[in-house]
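There are 2 protein chains.
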Amino acid sequence: WLLISSLVGFWRQDLMKNPAQAGTKRPFIAKLSSHKPSAYLVSKLRKYEELHKRCGPNTESYRRTLKKLSSSHTNGTTDCNYIVWTPSNGLGNRIISMASSFLYAVLTNRVLLVDHGTDMAGIFCEPFPDTSWLLPMDFPLTDQFYSLQPGNVHSYGHLLKMNNLDISTVSQAPSFLHLYLAYNYDKHDKLFFQDQNQGFLQKIPWLILKSDQYFVPYLFLIPSFQQELGKLFPDKEAVFHHLVRYLFHPSNQAWGLITRFYQAYLASADQKIGLQVRVFNRKASPVSVVQEQILGCIKKEKLLPQVDEHKLIASPSKNKTSRAVTIASLYPEYYESIKSMYWMNPTVNGDVIGVYQPSHEEVQHYGNNIHNLKAWAEISILSLSDVLVTSSWSTFGYVAQGLGGLKPWILYVPAGNRPTDEPCPRGKSMEPCFHFPPDYHRIPSTKERPDAGSPVPHVRQCEDASNGIKLFNS
Amino acid sequence: WLLISSLVGFWRQDLMKNPAQAGTKRPFIAKLSSHKPSAYLVSKLRKYEELHKRCGPNTESYRRTLKKLSSSHTNGTTDCNYIVWTPSNGLGNRIISMASSFLYAVLTNRVLLVDHGTDMAGIFCEPFPDTSWLLPMDFPLTDQFYSLQPGNVHSYGHLLKMNNLDISTVSQAPSFLHLYLAYNYDKHDKLFFQDQNQGFLQKIPWLILKSDQYFVPYLFLIPSFQQELGKLFPDKEAVFHHLVRYLFHPSNQAWGLITRFYQAYLASADQKIGLQVRVFNRKASPVSVVQEQILGCIKKEKLLPQVDEHKLIASPSKNKTSRAVTIASLYPEYYESIKSMYWMNPTVNGDVIGVYQPSHEEVQHYGNNIHNLKAWAEISILSLSDVLVTSSWSTFGYVAQGLGGLKPWILYVPAGNRPTDEPCPRGKSMEPCFHFPPDYHRIPSTKERPDAGSPVPHVRQCEDASNGIKLFNS
Ligand SMILES: Nc1nc2c(ncn2[C@@H]2O[C@H](COP(=O)(O)OP(=O)(O)O)[C@@H](O)[C@H]2O)c(=O)[nH]1
Ligand SMILES: Nc1nc2c(ncn2[C@@H]2O[C@H](COP(=O)(O)OP(=O)(O)O)[C@@H](O)[C@H]2O)c(=O)[nH]1
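Which chain is which? The protein sequence lines are A and B, in order. Position one of the first sequence corresponds to residue 33 (our numbering), numbered consecutively onward. Position one of the second sequence corresponds to residue 33 (our numbering), numbered consecutively onward.
Bound-form chain A, shown alone (with noise of 0.2 angstroms):
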C-alpha cells in the first residue's frame, strides 16, 4: 500500500502513458501492483493506443467503415476493423467480458468499441488517449443488439452452419458478423473458438459481440495466438490483472464513493478484509447456514480471530491490531450478524475488530446506472484489501481479485442445510473462471481433460466451476 498525498493516477501508472490523462488528480491511495507487465506488453499498449486513436469514432477512417455496413459484403481491405463490444448480465459480467474482448482485438488488430449504454454511463473513464471507446449513440445497428442470441441469422455460427461448418466454401465476406459468447451460446457459436474459423473472421469489418465471459482462457488453447499471448503475458496469473487495471479506470463519481468510503471507514485500520457474500439462490442456502459457513471459512483459514464467548472484555495488551472488514453483499444479514459477534464479545487476541457494508440493494437492478456507480465502487473497495474473500462463482468477485491482484479464499456459498468442511480453500491464481468454454480442448474420444502432458498446462480446471478453465502459473 503506499497512500499518496498528492498526484497521479489509481491503479495503473505501471501501464499509463500519461497518468493524469483519467480525470482531474486524485489525491490518496494507490495500490501499486507487484506484478509487473511485460515491457513487450506495454509497447503493444502504445500501439493499441495509437490504432485506437487513427480509427476512433469521429476519425476519416472510422466513417470510411462505416459505409461498408452499408452493402451487404465487404470490397476490397479496410485500415481499420472493429469489434463492439455489447453488455449482458451484471456489471462483473460485463468487465471480465469487456476485457477479453479487449484482448482479443490486440491479438486480431481490432479496435475495441464498447456499448454503455445509460446504466453504464459515466462509471469508467475512457481507457486510451485522446480518443474515446464508446460506440456512437448514431451507429447503425444497434437496434439489432436486442436481437443478440443464441442462433441469430446474423451470427458467425449461424453463418458456419448454413455452410456444413466449412468456412472456407463462403467466397464472400458479409461487412458485419455476430458473435454470440455468452453462457447460453449454441454448439455453432462456439465454433468461433476453433483455429480454422479464426481466419475468415479477419476479413469482416465490424463483429459485433456478445459475452458474459471471460473467454482469454480460451485464446491460449487456440494456435495462432499461442506465441503472441507468450510474449504479452510470461506471467500467466496476471493476464487479467493488467488488462483490468489497465482498462476501468472509476469516474470521478466513483472514485468519490470509493475514497470517501476509505477515508472514512478503513484507512486507519492495521489490515483491511474484504469479504464478498454473493448469494445466487436465497431460497436454496439459508441465512443461517450461509453464515455458519462464513464463520467455518474464518475459522478454519484463521482470516479473522475468534471471538471469546466466556469473556467480557479482552485482556489488557499492548499492540492489539485494528483489523477493517468490508462485506459486499446484495443483503445485510451478513454484515449485521458478524458486526454483532465482534461488538458482542471481545476477540481472543485483544484486536479490534470493525465491519462496514457499503450497500445492500437487496436485489440485482438492470439498467439503472446508481446501481452499477455502487456495484463498482465495491468492487473497486473490496480490491483495496489486504486479505479478500471472494464468493464461487461470481464475477463481481473475480473483478475485486483482478484489480487487486489478491489470491481469494474463495467461499463456498452452501446450497443446502449444511456448511461445508472446506468453507473457503485459498484460490490458486487470481485469473477469473470461463464458466462456459466449449470441450476441443478435451481428448475427443473420451471428452476427458487432457492429462499433465497437455502442451498448454497452464490452463485447467477452475477451483469454483468444474468445467470452467483458467490460467495458472504452472
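Hints in this document: simulated from the structure, not taken from any laboratory. Ideal placement from N, C-alpha and C gives every residue a C-beta, glycine not left out. Among these hints, one or two may not hold up.
Here are the computed distance ranges between Cβ atoms for each label pair [said to hold, decoys possible]: (1) His392/B - Lys315/A: 55 to 65 angstroms; (2) Asp175/A - Glu341/B: 47 to 57 angstroms; (3) Asn449/A - Asp453/B: 54 to 64 angstroms; (4) Gly448/A - Leu173/B: 49 to 59 angstroms; (5) Pro487/A - His392/B: 50 to 60 angstroms.
Model the placement of chain B with the ligands on the given structure of chain A, informed by the hints.
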C-alpha cells in the same frame, strides 16, 4: 477527553473513594468532568457510603429493621431506614428515577436498595464500596411490587386520602408505605411532594417506591430540603451529572460493548457526534418527515457539513476533519439515509464523515437483559460525544447528556407531515426534565407559573415539555 492507557475507573474518579473498586482495571477512555463536585457533596457521599455499609443487605441492622415488617406498625425508632426502588418503564426512565431516589435517600438519611430483577442484572457495577445496593431476593414484600399502581391501599397517597389529607391525625406509623411517583400518579400520590407531608415519612422504616420520573427538581421546591440541596449543589445544572456518574458505572460486560464500539469506530475521529433519534409514535411521525427534520437540524445548527450534490469529489484540502456520527435509534432508516448521503456525495468542505449505529432493536423489549445491556451501552456511547443531539421527551437522551455533561441540541421529532422551523434548538441546561410534576408551585388562583420573582428561580419550565420542570443555572 483523556486516553488513559491503563487503570482507573470510568467517569467518576472525582466522586469515587477507591477508583479501582468498580471492577477490573479498565484501560481506556475517561472523560474527566469539567464540573467539579462540591467538597460538601463529596463528604456527604462518603457519609452515605458508611451508612450503606452499616445498614446494607445482610447486616445486623438490616435484619433488625426487616423484622419490623412483621408488625403492622412501627414502635420506636430504627437505626436504619430504607427506600426500596422498583423498576418501571425503559432504562432511561429507570436511571433518572433511581438517581432521584438516591438523592432523596441522601436527604432523608435512608439507604437505597434497588430491585434490578433479571433484566437489569449485571449491567451496572455496585456503586457503594464493600456492600451492595441490590435488594436481596428474599425481601418479604417483593410480591407486592406488581401492585404498585395509582391509589393502591398501601400507598402514602391512600393513607392521606383516608385521613382527609391531614397526616397529623395518624397516630401510628405503618412499618412500610408505598410511594407511587410514576407518570400516571393521582392527586393523592402527588401529596408526597408537599413539605408538610414529609415529616411523617421519617417514621417509616421502609418506603417502597415506584417511579419513572426525574423528580429531583421538585425536591428543590420543598423548603425543608432547600438549604441542604443548596450546599450539596452550588451548580444547579450539574445535579444529575454528578448523581448519574456517581451511581451508574458500566459492568464489565457493558464496558466491553462501550469500549469495543469506541475503539473500532470512534477512537480515531477528530470529532464525535451523537445523534439520538427516538420516535415515540411511528405512525404519527413518518420516516421521511423525521429524516427531513434531522437534515434541517444538521443544517440549521451547523452540526455537520452539508454535502455538495453538484460535485463528485471534494476539492483537495490539507486538513480534513474526520467526524464520526453515532446514531442511536430503535430503527435503521435514519442511519441508512445519513450514511448513504455522506457516501454518495462529498462534503462542501472536504470533511470525512463516518456514520455508525450500534444496534437497531426495532421494538422496545421488556424483561430482556441483553436489550437493556445494549441500551445502556448506547447511552454511554452517546455520552462520549463531543456534540450531542437528543430527542425531545426522551429520558434515554437525558441520561446520555447527563453522563456526558453535555448541553444537547434537542431534536423535535415532528408528529405530522412537515418538519418544523426550529428542528433542534440548543438545550440550556444538561439536567433532565421532570415531566409530570405536581402543580403546587403554580400560583394557586390562576395555576400560572410563578413569575421571575419566584423564590426558586433555578426551577423552570423544560425546553421540551411545557408542563415539566427542570433545573437551570439562573
Ligand atoms: N452493490 C452491490 N451489488 C451487488 C453485489 N452483489 C451483486 N450485486 C449486483 O448484482 C450484480 C451481479 O452480477 P455480476 O456483477 O455479473 O456478478 P455475479 O453475478 O456475482 O457473477 C452486480 O453487478 C450488482 O449489480 C454487492 O455485493 N454489492
Ligand atoms: N439499544 C437501544 N434501545 C433503545 C433506543 N431507543 C429506545 N430504546 C429502547 O427503548 C427504551 C426506551 O425507554 P427509556 O430508556 O426509558 O427512554 P425513553 O422512552 O426515550 O424516555 C430503552 O430503554 C431501550 O430499551 C436506542 O436508540 N437504542
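Going down the list of hints, with the structure as the test:
no. : hint                                    : verdict
1   : His392/B - Lys315/A: 55 to 65 angstroms : violated (26 angstroms)
2   : Asp175/A - Glu341/B: 47 to 57 angstroms : violated (35 angstroms)
3   : Asn449/A - Asp453/B: 54 to 64 angstroms : holds (56 angstroms)
4   : Gly448/A - Leu173/B: 49 to 59 angstroms : holds (56 angstroms)
5   : Pro487/A - His392/B: 50 to 60 angstroms : holds (59 angstroms)
Hints 1 and 2, counting from the list given before, are not met by this structure.
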